[in-house]
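2 protein chains.
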Amino acid sequence: MIDRICIIGVGLIGGSFVAGLKQTNQVKTVIGFSRQESHLRKAQEMGIIDEYSLDISQVLKQVQMVIIATPVNSFQAILEMIKPHIDESVIISDVGSTKGSVIQIAKLVFGQMPAKFIPAHPIAGKEKSGIEAVDAQLFNHKRVVLTPTESSDIQTIAILSGLWKELGAKVEIMTDKKHDDLLAMTSHLPHMLAYGLMDYLISNNPYACRYVAGGFKDFSRIASSDALMWRDICINNPKEIVKHIEGYQKTLEKISNLIKNNKAEALEQLFQEAKSARDNWFSS
Amino acid sequence: MIDRICIIGVGLIGGSFVAGLKQTNQVKTVIGFSRQESHLRKAQEMGIIDEYSLDISQVLKQVQMVIIATPVNSFQAILEMIKPHIDESVIISDVGSTKGSVIQIAKLVFGQMPAKFIPAHPIAGKEKSGIEAVDAQLFNHKRVVLTPTESSDIQTIAILSGLWKELGAKVEIMTDKKHDDLLAMTSHLPHMLAYGLMDYLISNNPYACRYVAGGFKDFSRIASSDALMWRDICINNPKEIVKHIEGYQKTLEKISNLIKNNKAEALEQLFQEAKSARDNWFSS
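Just so you know, the sequences run in chain order A and B. Note that the numbering used here has the first sequence beginning at 1, numbered continuously upward. Note that the numbering used here has the second sequence beginning at 1, numbered continuously upward.
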C-alpha cells in the first residue's frame with residue numbers, strides 16, 4: 001500500500017483513478033491540488049481525496065507518487081511548479097491523451113526524462129466530465145497504455161502497472177510514438193471527422209438538422225466533446241493526426257470513385273466488410 | 001377512410017406505415033404483397049395487414065392506393081408488375097431513400113410521371129429492420145418529405161399528406177432534386193464517412209478496435225447498417241453523394257491545414273461552433 005499520493009486536477013479521469021485506488025486499498029492518503037478550491041472541497045466531500053491544499057509545497061510533502069490529471073497544455077507549468085518540491089524518489093505519472101508531447105515537456109523541464117516518470121493513458125469514455133461523474137469502476141476492463149522511455153525505471157513501471165491492474169484495467173506498454181500514431185487513428189481522427197461534418201453541414205445549410213435521421217445523433221455525439229481539450233490534443237499530436245486525416249482522405253476518394261463509376265459490387269463489398277468488422281468489434 | 005390499400009413489402013417502414021394507418025382508422029383493409037410468404041404470414045399474424053396474396057393481380061383488385069416499401073433497386077420490376085393491373089385512379093406512393101431515381105424509373109415504366117404517383121420519404125430511424133421492429137408510432141414527430149412533380153395531382157398530394165400527418169409526422173414538400181441533395185448531405189455522407197472510417201482502420205491495423213474509446217461505438221454505429229441498402233442508395237443518388245464527399249474533403253483539408261499550421265485559436269473556434277450546433281440540434 002502506498003502511503004501518500006498527490007493528485008493534481010480532480011476531474012473525471014484523475015478523480016476516478018484515485019477513487020479506484022482508495023476502493024482497492026492501494027493507497028492510505030490522497031491529497032489533492034487544483035487551482036479551483038471548490039473542486040477540491042467537492043472531491044473531499046465525496047471522499048475521493050482525504051486532504052487538499054492550495055499550496056503546492058504543502059501538497060507534495062512526503063508523497064510517494066504524483067499523478068497529473070490536467071489537460072496536457074498545462075503540463076509544462078505544472079512540472080515546473082512541482083520540480084522544486086520533489087526528489088528523484090517520487091514516482092510521477094499522468095493520464096493525458098497524447099504521450100510524445102508529455103515526454104518532450106518533461107525532458108524540457110527536467111533536462112532529461114526522470115526514471116520514475118512513467119506516462120500513462122487510460123482509454124476510457126469521457127462523454128461526461130468533471131468530478132460529479134467520478135466512478136471508481138471506470139477503468140474496469142478498459143485499456144491503459146503506459147509509454148515508458150529508455151531511461152524508465154523497471155520497478156516503477158511494475159508498480160504503476162500493478163495499480164491500474166488492480167482497478168481491472170488491461171495494461172499495455174508501447175512507445176509514445178506508437179501510442180500517438182494509434183490514438184490519432186482510433187480516437188483523434190474520428191473526432192476530426194465528427195467536428196468536420198458538423199462544420200460542413202452548418203456551413204451549407206443552417207436547417208440541415210431537420211433532415212437527419214436517427215443514426216446521426218449517435219454519429220455526431222463526439223462532436224459535442226470539449227472544444228478546448230480537442231484543440232490541445234491537435235496541438236500536441238499534429239503530425240500523426242494530419243497523417244491519418246490524409247490517409248483517410250484517400251479512402252474517401254476511393255469510395256467517391258466507386259460511386260462515380262457505378263461500381264455496385266465493390267461498394268457492397270466495402271460496406272459489408274466495414275459492417276462485419278464493426279459488428280465484430282461491438283458484438284455485445 | 002380509405003377502403004383498400006395495398007402494401008408491397010412488409011419491412012420496418014412499410015409495415016409501420018400501414019400499422020399506423022390502421023391504428024388511426026384511416027384505412028379499412030390492408031392487403032399485403034411480398035416475394036416472401038413467411039413475411040406476409042407474420043404481418044397478418046401481427047395484425048399489420050388484413051389479407052395477402054402472392055398473386056399481384058389479386059392483390060391489386062379494387063385498391064385505391066398502392067404503397068411501395070421495397071428497396072429502390074426493385075422499383076422498376078415492381079412498377080412493371082403492377083402497371084397492367086391498375087388504372088389512373090389508383091394513388092401510388094413509396095418510402096424510398098432516394099427520390100430522383102424513383103421518378104426517373106416511374107417515367108420510364110409509365111411513359112410519364114402518373115399524376116397520382118406521389119413519391120415520399122419518411123426520415124425515420126432504421127437501426128432495427130424487418131417486420132418484428134414494426135411500430136405504429138414510428139413516424140410521430142418525424143419528418144416526411146413528399147416530392148411531387150409538375151404533373152402531380154394537387155388533391156392526391158393533400159390526401160397523402162393527410163395520411164402522414166395523422167401519424168404525427170411533419171410533412172414537407174420539396175423537389176426530388178432538393179431532397180436528394182439534402183439527404184446526400186445529412187444522411188448519405190455520414191454513412192460514407194462511417195463505412196470509410198471502418199475501412200481505413202481495418203486496412204491499417206486489424207487490432208485498432210483495442211484502442212477505441214467510448215465515443216467510437218456510437219460514432220461507428222451507422223457502419224453497421226445494411227450494406228445492400230447503402231449500395232443501392234449510392235447507385236441511385238451518385239451525383240449528389242459524390243458532390244458532398246468532395247465538399248467534405250475540403251472541410252477536412254481545412255482542418256488538416258489548421259493543425260499543420262498550429263492554428264490553435266481557429267481550431268478551438270471550429271470545434272466550439274460544431275459543438276454548439278450539435279448541442280443545439282440535440283438539446284434533449
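Among the hints, a few may not be true.
Pairs involving identical chains hold if they fit within one copy or between any two copies, as the list cannot separate such chains.
Subject to a maximum C-alpha distance of 27 Å in a straight line, what follows is the list of computed DSS-like cross-link-like pairs (lysine-lysine) [claimed, not checked]:
1. Lys-28 with Lys-217
2. Lys-250 with Lys-42
3. Lys-217 with Lys-239
4. Lys-239 with Lys-250
5. Lys-217 with Lys-128
6. Lys-260 with Lys-239
7. Lys-250 with Lys-263
8. Lys-22 with Lys-177
9. Lys-42 with Lys-128
10. Lys-170 with Lys-217
11. Lys-170 with Lys-254
12. Lys-260 with Lys-250
13. Lys-239 with Lys-42
14. Lys-254 with Lys-243
15. Lys-170 with Lys-83
16. Lys-260 with Lys-22
To be clear, the hints were calculated from the coordinates, so they are not data collected in a lab.
For each hint, the structure was consulted:
In this homomeric assembly, Lys-28 and Lys-217 never come within 27 Å of each other (Cα to Cα): the closest approach is 43 Å inside a single copy and 37 Å across copies. For the homomeric pair Lys-250 and Lys-42, neither the shortest alpha-carbon distance inside one copy (48 Å) nor that between copies (45 Å) is at most 27 Å. Taking the shortest Cα distances, Lys-217 and Lys-239 sit within 27 Å of each other only across copies (25 Å), while inside one copy they are farther apart (30 Å). Taking the closest pair of Cα atoms, Lys-239 and Lys-250 come within 27 Å of each other both inside a single copy (17 Å) and across two copies (19 Å).
Taking identical chains as interchangeable, the C-alpha atoms of Lys-217 and Lys-128 lie at most 27 Å apart whether they share a chain (16 Å) or sit on different chains (15 Å). For a Cα distance limit of 27 Å, the shortest separation of Lys-260 from Lys-239 across copies, 7 Å, qualifies, whereas the shortest one inside one copy, 31 Å, does not. When the C-alpha separation of Lys-250 and Lys-263 is checked against a cutoff of 27 Å, the pair qualifies both within a copy, at 17 Å, and between copies, at 24 Å. Taking the closest pair of Cα atoms, Lys-22 and Lys-177 never come within 27 Å of each other, the shortest separation being 32 Å inside a single copy and 61 Å across copies.
For the homomeric pair Lys-42 and Lys-128, the shortest alpha-carbon distance inside one copy (17 Å) is at most 27 Å, but the shortest distance between copies (43 Å) is not. Taking the shortest alpha-carbon separations for Lys-170 and Lys-217, only the inter-copy value of 19 Å comes in at or below 27 Å, while the best intra-copy value is 30 Å. Proximity of Lys-170 to Lys-254 under the C-alpha cut-off of 27 Å is found in neither arrangement, the shortest distances being 36 Å within a copy and 37 Å between copies. Taking the shortest Cα distances, Lys-260 and Lys-250 sit within 27 Å of each other both inside one copy (15 Å) and across copies (18 Å).
For the identical chains of this complex, Lys-239 and Lys-42 are neighbours neither inside a copy (38 Å) nor across copies (56 Å), given an alpha-carbon limit of 27 Å. Both within a single protomer and between protomers do Lys-254 and Lys-243 lie at most 27 Å apart by alpha-carbon distance, with minima of 17 Å and 14 Å respectively. Neither within a single protomer nor between protomers do Lys-170 and Lys-83 lie at most 27 Å apart by alpha-carbon distance, with minima of 31 Å and 62 Å respectively. Neither within a single protomer nor between protomers do Lys-260 and Lys-22 lie at most 27 Å apart by alpha-carbon distance, with minima of 58 Å and 42 Å respectively.
Of the numbered hints stated above, those contradicted by the structure are hints 1, 2, 8, 11, 13, 15, 16, listed in ascending order.
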